[in-house]
Amino acid sequence: GLELYPHLGFTCIRHQSAHEDSVFGDAWVVSIGFLILVVVTIPFGMLDLGDNIGLQIIAFFGLLGISIVWSIYFFTMEHDMSRLPAFGKTGGTLGFILFNFAYVVTIPSWINEK
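Converting from the sequence shown to the numbering used here requires adding 568 to each position, the first position being numbered 1.
Simulated from the structure, these hints should not be mistaken for laboratory data.
All C-beta atoms, glycine included, are put in the ideal place defined by N, C-alpha and C.
Errors might be hidden in some of the hints.
Using C-beta positions, here's what the derived DEER-type ranges look like [said to hold, decoys possible]:
1) Glu-681 - Ser-650: 46 to 56 Å
2) Leu-576 - Asp-648: 38 to 48 Å
3) Ser-677 - Arg-651: 38 to 48 Å
4) Leu-576 - Asp-616: 33 to 43 Å
5) Trp-596 - Ala-670: 21 to 31 Å
6) Leu-576 - Asp-619: 37 to 47 Å
7) Met-649 - Thr-579: 34 to 44 Å
8) Phe-629 - Phe-602: 21 to 31 Å
9) Val-606 - Gly-663: 25 to 35 Å
With these hints in hand, go ahead and build the complete structure from the sequences.
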């Protein structure tokens with residue numbers, strides 16, 4: 569990805585640290601996946617919701633497929649519950665996750681009504 573801060577240049581992540589919130593640490597990075605997402609979504613974001621129904625249907629079936637694969641993987645592997653604390657450092661992330669899901673629907677619908 570392209571690291572914007574603290575050192576401008578390209579960076580490659582080879583491992584994930586368990587002590588960081590992000591694989592990039594404190595650096596500000598624009599990843600290739602983010603750029604692909606921007607290139608795909610901005611043109612469709614300029615259309616009305618009814619005009620990009622094809623992309624919405626494709627996205628729905630993509631989400632459905634990913635959810636099915638994840639569920640199969642989750643239920644077929646063995647879990648060590650001692651490694652999964654109910655509370656801890658990551659306990660505060662639930663609010664941010666719910667906030668993201670709420671506004672990904674609310675803002676486009678609100679703008680479409682304007």
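Taking the hints in turn, this is what the structure says about them:
Distance hint for Glu-681 and Ser-650: a CB-CB separation of about 49 Å, consistent with the stated range 46 to 56 Å. Here the CB-CB span from Leu-576 to Asp-648 is close to 41 Å, well matched to the stated 38 to 48 Å. At roughly 40 Å, the beta carbons of Ser-677 and Arg-651 sit within the given window of 38 to 48 Å. In this structure the supplied range 33 to 43 Å holds for Leu-576 paired with Asp-616, their Cβ-Cβ distance being about 38 Å.
Restraint check, Trp-596 to Ala-670: a C-beta distance of roughly 25 Å satisfies the suggested window 21 to 31 Å. A hinted range of 37 to 47 Å holds for the C-beta pair Leu-576 and Asp-619, which are about 38 Å apart. Taking 34 to 44 Å as the suggested C-beta distance range, the pair Met-649 and Thr-579 conforms, at roughly 36 Å. Phe-629 and Phe-602 have their C-beta atoms about 23 Å apart, which keeps the hinted 21 to 31 Å range intact.
Evaluation of the 25 to 35 Å hint for Val-606 and Gly-663 yields a pass: the beta carbon distance comes to about 26 Å.
Violated hints for the displayed structure: none, as all numbered hints are satisfied.
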